[in-house]
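Protein chains in written order, with the UniProt record's numbering: chain A, 1 to 210; chain B, 1 to 210.
Calculated directly from the structure, the hints in this document are not laboratory data.
Please read all numbers here as calculations on a predicted model, not as lab measurements.
Incorrect hints may appear among the rest.
Copies of the same chain are indistinguishable here, so a pair counts whether it falls within one copy or spans any two.
[Stated by the list, open to error] Derived DSS-like pairs: lysine-lysine, alpha-carbon spacing no greater than 27 Å straight-line:
id, residue 1, residue 2
1, 91, 139
2, 32, 91
3, 122, 205
4, 168, 139
5, 24, 139
6, 90, 128
7, 24, 85
8, 106, 159
9, 185, 116
10, 159, 128
11, 83, 32
12, 24, 159
13, 91, 24
14, 32, 106
15, 128, 168
16, 159, 122
17, 154, 205
18, 185, 159
19, 154, 24
20, 85, 116
21, 185, 154
22, 32, 154
Protein chains: 2
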Amino acid sequence: MIESSNEKTGTKRHVSTDTREHIKDTLLLMLKTSHFRTIRITALCREAHIARGTFYLYYNTIDDLLEDIINDSLQLINSMTPKEKQGSLKKLQIMLNQTGDEELPKDSSLFPPCHKYLELEKYRFLVKDADVAPIIAQKIHQYESPKIVPVLMKELNMKQDEAELLFKFIVNGSSSVNRSLLELKENEWYRLQKKILQFILGGLKCDQWS
Amino acid sequence: MIESSNEKTGTKRHVSTDTREHIKDTLLLMLKTSHFRTIRITALCREAHIARGTFYLYYNTIDDLLEDIINDSLQLINSMTPKEKQGSLKKLQIMLNQTGDEELPKDSSLFPPCHKYLELEKYRFLVKDADVAPIIAQKIHQYESPKIVPVLMKELNMKQDEAELLFKFIVNGSSSVNRSLLELKENEWYRLQKKILQFILGGLKCDQWS
Chain A
1 MIESSNEKTG TKRHVSTDTR EHIKDTLLLM LKTSHFRTIR ITALCREAHI ARGTFYLYYN
61 TIDDLLEDII NDSLQLINSM TPKEKQGSLK KLQIMLNQTG DEELPKDSSL FPPCHKYLEL
121 EKYRFLVKDA DVAPIIAQKI HQYESPKIVP VLMKELNMKQ DEAELLFKFI VNGSSSVNRS
181 LLELKENEWY RLQKKILQFI LGGLKCDQWS
Chain B
1 MIESSNEKTG TKRHVSTDTR EHIKDTLLLM LKTSHFRTIR ITALCREAHI ARGTFYLYYN
61 TIDDLLEDII NDSLQLINSM TPKEKQGSLK KLQIMLNQTG DEELPKDSSL FPPCHKYLEL
121 EKYRFLVKDA DVAPIIAQKI HQYESPKIVP VLMKELNMKQ DEAELLFKFI VNGSSSVNRS
181 LLELKENEWY RLQKKILQFI LGGLKCDQWS
């Protein structure tokens, strides 16, 4: 058996990715009906038909397991997102201005990660859980900050602490409205999402970016 | 003894405002060193030198007591804030544009409630507590929404649900950065606060308001 530690998440690694995926899928299934903070490892193992010791081969705590799931979802978002922030935000603003209020966007790959979360069929419902949503926001902030902060500093002539704080404001604001948008039909969701995006891009003065 | 119920907060009312104030001050004092969720009624009564029964003359739960304290802080903010939103946001934008980055604002009464919270000497430290901060944000949202939503609808030509969601975004975004600003010196705090306010007012296109 090969075991190693994943430094980024603090979770343990193991050769059997099948069991690992099975544990993740079991928690995701349980989260559809239970609050995260009420789920105990014992109940998870019962549900997954695994021994408690098996759980500990992969994770130290249930929080580690959740973090692993959220990292998966962010990797998925990452694969759907253009690498270059500066150009994509300008393109997003142009696209929003060109689509009518009730029309769906032509290319939602330009949406920022917080706004794209609701498109992930497998993970979107996670934003409903009041204890999970802030962790997702914090992770998005952590992943995206090194990419967006330098752009904000350059385009808005900001100091680093100012750009970091502004980005924190945007991620947490976006995260707080996601729950309200979750249950809406696609066109309603887009009508509201668009107003939020237009507010953000207007505040960032994207139309004046280089 | 006269007792009645305060419908708004669900708390009990009583003739002795002194005892009520004493209970509130005791919780505020305890919150300087303890997390809200770890404070029990028994410990609060011990600290306040009152009988447990006395506590229940005024409040049903410790959450009721916290709500009463937050309501006090919002009343204080309300007394410091111009009633008319539309004009005051335009005035705020003009003032921000006229003050240098390291300069303190001439009239911080124009600041929106979330941003003004840090000026309340007695209550500002409350935003540090991760369980209390969202309750403050929710209360500010509830108090301010009826005043600001109609203005956003009119000035940005928005539907009610759009204006409500945007205002939720702004309140929660502001609330999330308050904690980072809490420990800063006055001029540093203002430099960062100003960038956030300029982003918000830019996103709201305040310079085009009627």
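Homomeric proximity label, residue 91 with residue 24: Cα distance no greater than 27 Å: Classified as neither: same-chain Cα gap 36 Å, cross-chain 52 Å, threshold 27 Å.
For residue 128 vs residue 168, is the C-alpha pair at or below 27 Å within one copy, between two copies, both, or neither? Answer is both: 20 Å inside a copy and 16 Å across each meet the 27 Å cutoff.
Please sort residue 185 with residue 154 into within, between, both or neither, judging by C-alpha distance up to 27 Å. between (38 Å within a copy, 26 Å between copies)
Is it within a copy, between copies, both, or neither that the alpha carbon of residue 159 lies no farther than 27 Å from that of residue 128? between (34 Å within a copy, 24 Å between copies)
Measure nothing new, just compare the shortest in-copy and cross-copy C-alpha distances for residue 24 and residue 139 to 27 Å and report within, between, both or neither. within (18 Å within a copy, 36 Å between copies)
Is it within, between, both, or neither for residue 185 and residue 159, if the alpha carbons may be no more than 27 Å apart? Classified as between: cross-chain Cα gap 17 Å, same-chain 40 Å, threshold 27 Å.
Using 27 Å as the alpha-carbon threshold, which applies to residue 85 and residue 116: within, between, both, or neither? within (15 Å within a copy, 33 Å between copies)
Homo-oligomer pair classification [residue 122, residue 159; C-alpha up to 27 Å]: neither (38 Å within a copy, 31 Å between copies)
My question is about residue 168 and residue 139: at a cut-off of 27 Å on alpha-carbon distance, are they close within one copy, between copies, both, or neither? Both: 11 Å inside a chain and 21 Å across chains, each within 27 Å.
Is it within a copy, between copies, both, or neither that the alpha carbon of residue 90 lies no farther than 27 Å from that of residue 128? Answer is neither; intra-copy 30 Å and inter-copy 36 Å both fail.
Since the copies are identical, ignore which copy is meant and state whether residue 122 and residue 205 lie within 27 Å (CA to CA) inside a copy, between copies, both or neither. Result: close neither inside a copy nor across copies, 34 Å intra and 37 Å inter.
When Cα atoms must be at most 27 Å apart, do residue 32 and residue 91 count as within-copy, between-copy, both, or neither? Cα proximity of residue 32 and residue 91: none, with 36 Å in one copy and 47 Å across.
In terms of the numbered hints stated before, the structure departs from hints 2, 3, 6, 7, 11, 12, 13, 14, 16, 19, 22, listed from lowest to highest.
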